[in-house]
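With the hints as your guide, set chain B onto chain A.
Here are the chains, one letter per residue:
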Amino acid sequence: MDFTKQDYSSYIEQKSPNSKLWKNILCAFVIGGIICTIGQAIGNIYKIVFGLNEESVKTAVPITMVFLGALLTGFNVYNKIAKVAGAGTLVPITGFANAVVSPAIEFKREGYVLGVAAKMFTIAGPVLVYGINTSIVLGLLYYLFGLGV
Amino acid sequence: MDKRLGVQTVKMEHPVNILSVASVAGQKESQGPLAQHFDIIMEDAEWGEQTWEKTESKMQKSAVIRAVEKARVDIKDINYLFAGDLLNQCISSTFGLMDFDIPFMGVYGACSTMAETIGLSAIAIDGGFARLAAAVTSSHFCTAERQYRNPLEYGGQRTPTAQWTVTGSGAAVLSKEGKGPYVTHFTSGKIVDYGIKDANNMGAAMAPVSVKLTP
Chain A
5 MDFTKQDYSS YIEQKSPNSK LWKNILCAFV IGGIICTIGQ AIGNIYKIVF
55 GLNEESVKTA VPITMVFLGA LLTGFNVYNK IAKVAGAGTL VPITGFANAV
105 VSPAIEFKRE GYVLGVAAKM FTIAGPVLVY GINTSIVLGL LYYLFGLGV
Chain B
37 MDKRLGVQTV KMEHPVNILS VASVAGQKES QGPLAQHFDI IMEDAEWGEQ
87 TWEKTESKMQ KSAVIRAVEK ARVDIKDINY LFAGDLLNQC ISSTFGLMDF
137 DIPFMGVYGA CSTMAETIGL SAIAIDGGFA RLAAAVTSSH FCTAERQYRN
187 PLEYGGQRTP TAQWTVTGSG AAVLSKEGKG PYVTHFTSGK IVDYGIKDAN
237 NMGAAMAPVS VKLTP
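Those protein sequence lines, which keep their order, are chains A and B.
Our numbering numbers the first residue of the first sequence as 5 and each following residue consecutively.
Our numbering numbers the first residue of the second sequence as 37 and each following residue consecutively.
Bear in mind the hints are in silico, worked out from the structure with no lab data behind them.
A couple of the hints might just be wrong.
[As the list claims (entries may be wrong)] Straight-line Cα separation of at most 27 Å, BS3-like style, residue types lysine-lysine; simulated pairs:
(1) A:Lys84 to A:Lys27
(2) B:Lys226 to A:Lys19
(3) B:Lys64 to A:Lys112
The following block holds chain A by itself, in its conformation from the complex (with noise of 0.2 Å):
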């Protein structure tokens, strides 16, 4: 077969098979939205049940729920659930402590200091990186301009 650069490009895209849309769209919109339920029941368990008020159950649930995602990671359940999920559990916040926990596993081998801590925050590193920035320009412009920003 001759082929050019282009025409190998094409044949390619051609071939490979596309992820299945519809599907993905459906399991990560359902599972992202059982996370997010269960965030909300554990908020809600916090209000009623332990009478901690707006500011501290604002603090307790994502506390909670990196907990969670971080012993799921551990026990190796959460990649299998994110196989089905994709973005519906790498968006939310048990996505980053994943994201965080599962190098910090990985390197273990290598040592403490240059493995765990070194390597933990290769996969999260951008969220910290653009996401502190992000709310530094905004912090800016609320200051400067106010709430009108």
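Only chain B this time, still in chain A's reference frame:
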């Protein structure tokens, strides 16, 4: 006799004999159609070792020991070990084959490593530089994921075109004389880039090897 037949192919003056071959395979591989042809099947991905890299080293070592047993030669008589794997500094090969105390030639050829090491062994023997040579390679899904892609516990979704790295090792012992099979020619590959940018679609990046090049 001119051994060169064009840009990429060379012809052996005397066909070089493949004395023996041996293989080690992982779980997934042992469930496939070639299962009965593997010499050793690992009971799990760790195979009793503390790290995946140590497992891969053990795989290479085992493949060589088995191939040498089948060849009925003394391992001390092997003049060169041509070996490679996917990892930085080919550590699975270097640590795995260290104890044999044989001159070591590290080769990085990714999926072409087996063919490349057999080819190099053959030309070393045909050129009169070795009487016996061994060609070894290995890969392990977990070590490859660690080096090239994501941690195993990471919740990422695989695209339909993402491929898996084999967990396996193969070794071949080559000699000057024997009953065959033989290496009669060696065609070396050139590096070809056909613009595939998806790092997970390894097959598409490698397929041009069988495609006629048009500039």
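(request) With a cut-off of 27 Å on the C-alpha distance, tell me whether B:Lys226 and A:Lys19 pass. (result) The given pair, whose Cα atoms are some 25 Å apart, holds under the 27 Å limit.
(message) Just to be careful, I want the Cα atoms of B:Lys64 and A:Lys112 compared with a cutoff of 27 Å; is the pair within it?
(response) holds, 26 Å
(message) Can you confirm whether the C-alpha distance between A:Lys84 and A:Lys27 stays at or below 27 Å?
(response) holds, 17 Å
Consistency note: the structure conflicts with none of the earlier hints.
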